[in-house]
Amino acid sequence: MNFQAIRVIFHQEMLRAWETLFQSLASPVISTCLYFIVFGSAIGSRIENIDGVPYGLFIVPGLTMLSLLTQSIANASFGIFFPKFTGTIYEIHSAPISHFEILIGYVGAAATKSLIIGIIILFTASFFVELNIAHPVWMVTFLILTCISFSLFGFIIGLWANDFEKLQVIPLLVITPLVFLGGSFYSVNMLPPFWQSVTLFNPVVYLISGFRWSFFEVSDVSVGVSLAMIVGFLVICIAIVGWMFRTGYRVKQ
Amino acid sequence: MQAIVSIKDLSKTYQSGFQALKHVNLDIADGEILALLGPNGAGKTTLISIISGIVTPSTGSVSVNGFDNISDYRKTRAMIGLVPQELTLGQFDTVWNTVSFSRGLFGRKKDNAYLEQLLKDLSLFDKKDAELRALSGGMKRRVLIAKALSHEPKILFLDEPTAGVDVELRKDMWNIVRRLRDSGVTIILTTHYIEEAEEIADRIGVINKGELLLVEDKKTLMHNLGKKQLIVELKQTASHLPPSLAGYDLELSNDGEQLTYTYDTMSDSTGITDMLQAIQSAGLLLKDMHIKQSSLEDIFVDLVKEVKP
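Each protein sequence line maps, in turn, to chains P and Z. Position one of the first sequence corresponds to residue 1 (our numbering), numbered consecutively onward. Position one of the second sequence corresponds to residue 254 (our numbering), numbered consecutively onward.
There's no promise every hint is true.
Unchecked claim - Example chain P residues on the side facing chain Z (calculated, C-beta under 7 Å, incomplete):
1) Asn2
2) Ala5
3) Arg7
4) Met14
5) Ala17
6) Ser24
7) Ala26
8) His99
Unchecked claim - Some chain P residues well away from chain Z (every beta-carbon gap over 12 Å; in silico):
9) Ser31
10) Ser41
11) Asn49
12) Leu57
13) Val140
14) Thr176
15) Ser187
16) Pro193
17) Val221
18) Met229
What the hints assert, rightly or not - Anything over 12 Å on all C-beta distances counts as not near chain Z; from chain P, calculated:
19) Met1
20) Phe10
21) Gln12
22) Glu19
23) Val38
24) Arg46
25) Ile50
26) Gly105
27) Ile116
28) Leu145
29) Tyr186
30) Leu200
31) Asn202
32) Pro203
33) Cys237
If you're looking for bench data, these hints aren't it; they were derived computationally from the structure. Quick caveat: nothing in here was measured; it's all calculated off a predicted structure. Even glycine gets a Cβ: it sits at the ideal position worked out from N, Cα and C.
Can you build the whole structure from these sequences, using the hints too?
Written out as structure tokens, the structure reads:
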């Protein structure tokens, strides 16, 4: 194991976030505050409790997931895309480092960054609503699993993309709709029956549902299913990355 | 010769169908400076890239210090430093950070004293906190060298180290390369400047269209280059070479107007004086004389031309 290599990749990626600290932290914090003001306070005050949870509180897990997903994907995809774009990837290809170690370095750093952002968002939320977390251990488990699996997903996008447009297209056209329609701001039960069934094909529903359960013990689908979905997603991402590395697809000539 | 890099029957065909290397065999000696000479697109960079692990070969194998560069890639890559042709560097990193990054990437523990000395040797130390984007092209080239040397490699590949570099910096580079060789590093550089190969290499390889046409000791090559031709133009045409001149390496042109004398400048006596006297004794009158010397460039051009259809 080339631990030094993992250390420097991780360090370099964290350093990049540190150098743009304001952007890295301010944007999730500001957008969270805006969502709270608009949805939580302004509109939320006219909405009755959902599953016995006040609306302002109800949206906390969804909001956190929204930022977590976008940040994980953005961090990880950019982290590996940028060396490809500038050409500095040659160094990683010529270094005595395994694919697994590259993965741990980049995905580990991206997941760590989003985990920190997730915690900051929850902290920010606690200024607006009174947070009581029913199952802290499960909450942290969901948080970590989400950060890792979506950082992996971002890493795949970063490897696959060969221009900036491709880097943006999946987060913009796939992830954002999935998250908005994944029950961030509402309970799936509030939808008409047809759309409820459609929604069940959206993997983000399971993620948010499980995460919400760890807060309020209310969920759209059972926690076991949520957990299985997120682990399944993680396994699929690992398999895709493994395949890309093995075949050299868009990685190596 | 103890080979530190041994290349066997190496071929590479890219996905586009372009065959960049054709059955290349090459042994690189421990501690030598080998210059790979060839025009653009000859396959120099592909060859270097395969040895360093950036490109996977289609057929053939590479062993570095006895280890296969694919099955034992950790061992082989740790021994190799690579300076790429393009100035591929991040923008916002500092010199110090990027060099430290390279060292770690190659599995070496932090060693600030070594990196400090390295940056001083490359006249980069006063720029260590500068951002890479603020550096000149020449400085960036030095940073790439520092990165390649950061993990104390035994073998250094320099892919066109002096392309687009001014004369002063080029001489600087040559000095750096010589110092490295003196410290025991094996150096392989690619270039399309013949004088560069002549100036610093121990051996010269000529590569064109994916084929290694020749690998020769520079001294042997220079010896061949040491041959000169003295061309003597005659006032009156001669129908045949007079018998008294038969002992000299002389050739009479078909039109009988020119005599060509081939001699070796490296030998103790060139025999020019005797030969000229012999010509006079034979009754031939001289109109003019001039000297022709073949250069590495001629050899190179000839070699490259022969391959062209």
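Hint check:
For P/Asn2, the interface hint holds, the least distance from its beta-carbon to any beta-carbon of chain Z being 5 Å, beneath 7 Å. Interface hint status for P/Ala5: upheld, as the beta-carbon distance to the closest one in chain Z is roughly 5 Å, under 7 Å. Here the hint on P/Arg7 is kept, as its CB sits about 6 Å from the closest CB of chain Z, short of 7 Å. Interface hint at P/Met14: violated, since its Cβ lies 12 Å from the closest Cβ of chain Z, which is beyond the 7 Å cut-off.
Annotation: interface hint on P/Ala17 violated; nearest CB of chain Z at approximately 12 Å, more than 7 Å. Hint status for P/Ser24: violated, given a least beta-carbon distance of 14 Å to chain Z, over 7 Å. Given the 7 Å rule on beta carbons, the hint for P/Ala26 is violated: about 19 Å separates it from the nearest Cβ of chain Z. Violation of the interface hint for P/His99 is found here, the shortest Cβ-Cβ separation to chain Z being roughly 11 Å, above the 7 Å cut-off.
Non-interface status of P/Ser31 relative to chain Z is upheld: no Cβ of that chain comes within 12 Å, the nearest being about 25 Å off. For P/Ser41, the shortest C-beta to C-beta distance to chain Z comes to about 39 Å, beyond the 12 Å cut-off, and the non-interface label holds. With a minimum CB-CB distance of about 48 Å to chain Z, P/Asn49 clears the 12 Å threshold, and the non-interface call stands. Even its closest Cβ contact with chain Z, about 41 Å, leaves P/Leu57 beyond 12 Å, as expected for a residue assigned away from the interface.
For P/Val140, the requirement that its beta carbon stay farther than 12 Å from each beta carbon of chain Z is met, with the minimum near 30 Å. With 12 Å as the threshold on Cβ separation, the claim that P/Thr176 sits away from chain Z holds: the shortest Cβ distance comes to roughly 28 Å. The beta carbon of P/Ser187 sits about 44 Å from the closest Cβ of chain Z, which is more than 12 Å, so the claim that it is off the interface holds. The Cβ of P/Pro193 lies farther than 12 Å from every Cβ of chain Z, with a closest approach of about 50 Å, so its non-interface assignment holds.
At the 12 Å boundary, the C-beta of P/Val221 stays outside the reach of chain Z, the nearest C-beta of that chain being 43 Å off. With 12 Å as the threshold on Cβ separation, the claim that P/Met229 sits away from chain Z holds: the shortest Cβ distance comes to roughly 36 Å. Not every beta carbon of chain Z lies more than 12 Å from that of P/Met1, the smallest distance being close to 9 Å; the non-interface claim is violated. In this structure P/Phe10 is not separated from chain Z by more than 12 Å, as the shortest Cβ-Cβ distance comes to only about 10 Å.
For P/Gln12, the requirement that its beta carbon stay farther than 12 Å from each beta carbon of chain Z is not met, with the minimum near 6 Å. Separation of P/Glu19 from chain Z is inadequate, the least Cβ-Cβ distance of about 7 Å not exceeding the 12 Å criterion. Residue-level check passed: P/Val38 sits 35 Å from the nearest beta carbon of chain Z, beyond 12 Å. Residue-level check passed: P/Arg46 sits 47 Å from the nearest beta carbon of chain Z, beyond 12 Å.
Chain Z leaves P/Ile50 outside its interface by the beta-carbon criterion, the shortest separation being 45 Å against a cut-off of 12 Å. Listed as a non-interface residue, P/Gly105 fails to keep its Cβ farther than 12 Å from every Cβ of chain Z; the least gap is roughly 9 Å. With a least CB separation of 21 Å from chain Z, P/Ile116 remains clear of the 12 Å interface cut-off, as annotated. No Cβ of chain Z comes within 12 Å of the Cβ of P/Leu145; the nearest lies about 29 Å off, and the non-interface call holds.
Consistency note on P/Tyr186: stated as away from chain Z, and its beta-carbon is indeed over 12 Å from all of that chain's, at 41 Å minimum. Every CB of chain Z is more than 12 Å from the CB of P/Leu200 (nearest about 41 Å), matching its label as outside the interface. Every C-beta of chain Z lies more than 12 Å from that of P/Asn202, the closest at about 37 Å, which supports listing it as non-interface. No Cβ of chain Z comes within 12 Å of the Cβ of P/Pro203; the nearest lies about 34 Å off, and the non-interface call holds.
With a cut of 12 Å on Cβ distances, P/Cys237 stays outside the contact zone with chain Z, its closest approach being about 24 Å.
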